[in-house]
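Put chain L on the given structure of chain S with help from the hints.
Chains S and L are the protein sequences, given in the same order. Just so we're aligned, residue 1 is where the first sequence starts under this note's numbering, counting upward by one. Just so we're aligned, residue 120 is where the second sequence starts under this note's numbering, counting upward by one.
Calculated from the structure, these hints are not laboratory results. Every residue gets a Cβ at the ideal spot worked out from N, C-alpha and C, and that includes glycine. You can trust all of the hints, since none of them are fake.
Below, simulated DSS-like cross-link-like pairs (lysine-lysine); rule was C-alpha separation at most 27 Å, straight line:
(1) L:196 <-> S:33
(2) L:186 <-> S:32
(3) L:428 <-> S:59
(4) L:428 <-> S:111
(5) L:196 <-> L:182
(6) S:32 <-> L:196
(7) S:38 <-> L:182
(8) L:196 <-> S:38
(9) S:112 <-> L:428
(10) S:59 <-> S:112
(11) S:33 <-> L:182
Cβ-Cβ distance ranges computed for the label pairs, FRET-style:
(12) L:181 <-> S:65: 44 to 50 Å
(13) L:444 <-> S:102: 19 to 25 Å
(14) S:102 <-> L:131: 44 to 50 Å
(15) L:140 <-> S:72: 35 to 41 Å
Reference excerpt, derived from the structure (chain S facing chain L, CB under 8 Å, subset only):
(16) 20
(17) 32
(18) 42
(19) 81
(20) 117
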Amino acid sequence: MLENYLPVMVLIGIAFAFAIGSVVMSRLIGQKKPSAVKLAPYECGMPLLSSVQERFSIKFYIVAMLFILFDIEAVFLYPWAIMFKRLGIFGFIEMGVFIVILLVGFIYVWKKGALEWEE
Amino acid sequence: MTEQLIMLGLILAKLGLIFIVILTLAAYLVLAERKILARMQLRYGPNRVGPFGMLQPLSDLIKLLTKEDFLPAAADKWLFLIAPGLSALTALLTFAVIPFGPPLEIFGRTLPLVVIDLNIGLLYFLGLSSLAVYGMALGGWASNSKYALLGSIRGLSQLISYELSMGLAVVPVVMMARSFSLTEIVMAQAEIPYALLNPPAFLIFLISIVAESKRIPFDMPEAENELVAGFHTEYSGMRFGLFFVGEYINLIILGSMLTVLFLGGWHGPWLPGVVWFSLKVLAVCFFFIWVRASLPRLRYDQLMHFGWKVLLPLALLNALVTGAILLWIGQ
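In isolation and in its complexed conformation, chain S is listed as follows:
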């Protein structure tokens, strides 16, 4: 079974070699004239105005949490998708209940305004 994955291993090796090789090549061939200004963070030619580690909107964090919930839902859908013939009507109803429970959560999230970006 595991030797089935041998080509993937070889492919990982080739891809690694490609990524490292091309960067090393560019290191060797490319010119090097670093200067303090060149190495400063890009700010459209202006001197740096403020620190980079600024705060960003909490929305992004909420999206990440919602993603985990719904991704797990998708993970549960795959086994059902492949076995649903054998599970039959019973499996379908079970899955329906599962999805309805998640939908209730989804509606709650929606009503709470977690999906709003305007304000």
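Same frame as chain S, but now just chain L:
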């Protein structure tokens, strides 16, 4: 022993060939995109290097190699160095499971035209497409620059949002083919491609992969008029090149996945399977370029609304309805 050696040789030959073809294709896809975009905007596009600009990718490569490969002073060194490689690596690895033709008879043995026909090929693709987020996220974060950080955070939440509807749009395909193996999914479409059997899933998947490819109208991670270049603002030389190549390889992969899952893979009349497969993939790539020439960029809130409030419920509903119909037909 010789048997195993021959098999290993075949695997290596296949991998090497695929690798070269993919990289060349990605390079020429860039040229094709520039040419087609130019034509759609009544320009000529690159036409100086070689006949019809055919040597442009080569000169681009030389330029990228000879550019200075610098490390911004404020950057997190190791993550900054790793990110572009990660981006190219995940894109290249996905190719292992894509079947690009029917099995071939060579020297009395059958040679499947896929690097490896995993029985979980579809999950392998979904897993790698999730990992692909890391290259962008780490690159933007490690650059320690405003534009890069904003681009990567935006991109992160865009990619994971549309990954949901992409994953859910695939569920009906698994139901109809009753397999995760991409070869078997193509086999199951011998008569009628799933794009016709289940158009909603096809449309949801199509929109999601345009978003996954970070291209117009979903190119928020690198919106050039507000974020300079988004997550790869601080990158130069071949590191930028790796991001760039990764992006175009990703485009070919998404096109191939659309072909495999919904457009019937290598099936088609008259022409050999490999030719059909390439034609379909190139048509999808052309569609991507066409979309880029035609549509404006979405606003960020519109983008998130569309993903969460329209595509996600639709994809869920479609999975349930498909299941119900298939069960009803089965009885």
